[in-house]
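Q: Please model the entire structure based on the sequences and the hints provided.
Protein sequences appear in the order of chains G and C.
Numbering-wise, my numbering puts 74 at position 74 of the first sequence, and it's gapless, one number per residue.
Numbering-wise, my numbering puts 1004 at position 4 of the second sequence, and it's gapless, one number per residue.
Simulated from the structure, these hints should not be mistaken for lab results.
Note that the coordinates shown come from a computational prediction; the quantities given were computed from them, not determined experimentally.
Backbone N, C-alpha and C fix where the C-beta goes; we use that ideal spot for every residue, glycine too.
Check the hints yourself; a few may be wrong.
Distance windows between CB atoms, simulated [what the hints assert, rightly or not]: (1) 1047(C) / 86(G): 24 to 34 Å; (2) 1121(C) / 86(G): 30 to 40 Å; (3) 1028(C) / 61(G): 45 to 55 Å; (4) 38(G) / 1047(C): 49 to 59 Å; (5) 66(G) / 1055(C): 52 to 62 Å; (6) 38(G) / 1056(C): 53 to 63 Å; (7) 1055(C) / 61(G): 53 to 63 Å; (8) 1068(C) / 61(G): 47 to 57 Å; (9) 1082(C) / 80(G): 24 to 34 Å; (10) 58(G) / 1036(C): 56 to 66 Å.
Chain by chain, the residues run as shown.
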Amino acid sequence: MIYPDSFAVSTPSDREIQVTRVFDAPRALVFDAFTKPELVRKWLLGPPGWTMPVCEIDLKVGGAYRYLWRQDSDGKEMGIRGVFREIIAPRLLVHTEEFDESWYQGDALDTTIFAEEGSTTRITITVLYESTEARDTARRSGMEHGMAESYKRVEELLLSLLAA
Amino acid sequence: MELSGYSSNSPERLDATFAALSDSTRRAILARLAQGEATVSELAAPFAMSQPAISKHLKVLESAGLIVRERDAQRRPSRLNAQPLAEATQWLAEYSQFWKSSFHRLDDLLDELKKSSKKEKKHKKKKH
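A: Here it is, written out as structure tokens:
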């Protein structure tokens, strides 16, 4: 069973972006899928057409991770790196996040919470930027660098915003 | 993709847009205006609210650039201005799309992992 309806993106404060989703799987399995490189590179790919040639995770406090995505069609690359600050398997993951292209000043801090909901698992990812300016720069750069966005998707999101 | 419209997209304006969208009455007003222009009294009708209260909401929406109001006409009907909405939702839409696509793949992966862990358990039971 799939729970796409549980998906939500929000901005809890002027420095944060939050994503949440429920998965029909035990928490330990979801945690593995987020922390084992051989699993992460299978799903953390965004829209179709991207692969993840580099996916390295040193899962310990102070350990680093490195993700590099490549677009098949034109070879365009996008990379991200960071360091783990807190790990409570299989409940919590906190790490820094820095894009290769310096879209914004300073790091962002990602907190991922894995919560058991019956036999399912809800994950909540919160990205905290160092400043409102950093988040807004990330927003704008995201728009400029971003993967082609169809007007239809904007409309869908607009409708869901209005319906909320 | 046409991006020229985004150069005018200041952080302050995005914040104003999001602040304006944070209220359910204002979202309902926008939803109504998405169907066509309306006057203050027409907008007030579905809500248990006075016209001045609705006017306050309209001011917030207007200063966020989400609606435009006729200056001259006596009725001063409000109209939806979609541009800032599209700008505000653009980055969220892309962020959203990245995770949506990824999570769909994760659903499939988790299903596979569940199946293989069940098989392993069966295998172990047989050995005992």
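Q: All hints are to be evaluated individually against the structure, with a verdict given for each.
A: Comparing the hints with the structure gives:
{"no.": "1", "hint": "1047(C) / 86(G): 24 to 34 Å", "in the structure": "violated, 46 Å"}
{"no.": "2", "hint": "1121(C) / 86(G): 30 to 40 Å", "in the structure": "holds, 32 Å"}
{"no.": "3", "hint": "1028(C) / 61(G): 45 to 55 Å", "in the structure": "holds, 47 Å"}
{"no.": "4", "hint": "38(G) / 1047(C): 49 to 59 Å", "in the structure": "holds, 55 Å"}
{"no.": "5", "hint": "66(G) / 1055(C): 52 to 62 Å", "in the structure": "holds, 54 Å"}
{"no.": "6", "hint": "38(G) / 1056(C): 53 to 63 Å", "in the structure": "holds, 56 Å"}
{"no.": "7", "hint": "1055(C) / 61(G): 53 to 63 Å", "in the structure": "holds, 55 Å"}
{"no.": "8", "hint": "1068(C) / 61(G): 47 to 57 Å", "in the structure": "holds, 53 Å"}
{"no.": "9", "hint": "1082(C) / 80(G): 24 to 34 Å", "in the structure": "holds, 32 Å"}
{"no.": "10", "hint": "58(G) / 1036(C): 56 to 66 Å", "in the structure": "holds, 57 Å"}
In summary, the structure is inconsistent with hint 1 from the numbered list given earlier, while agreeing with all the others.
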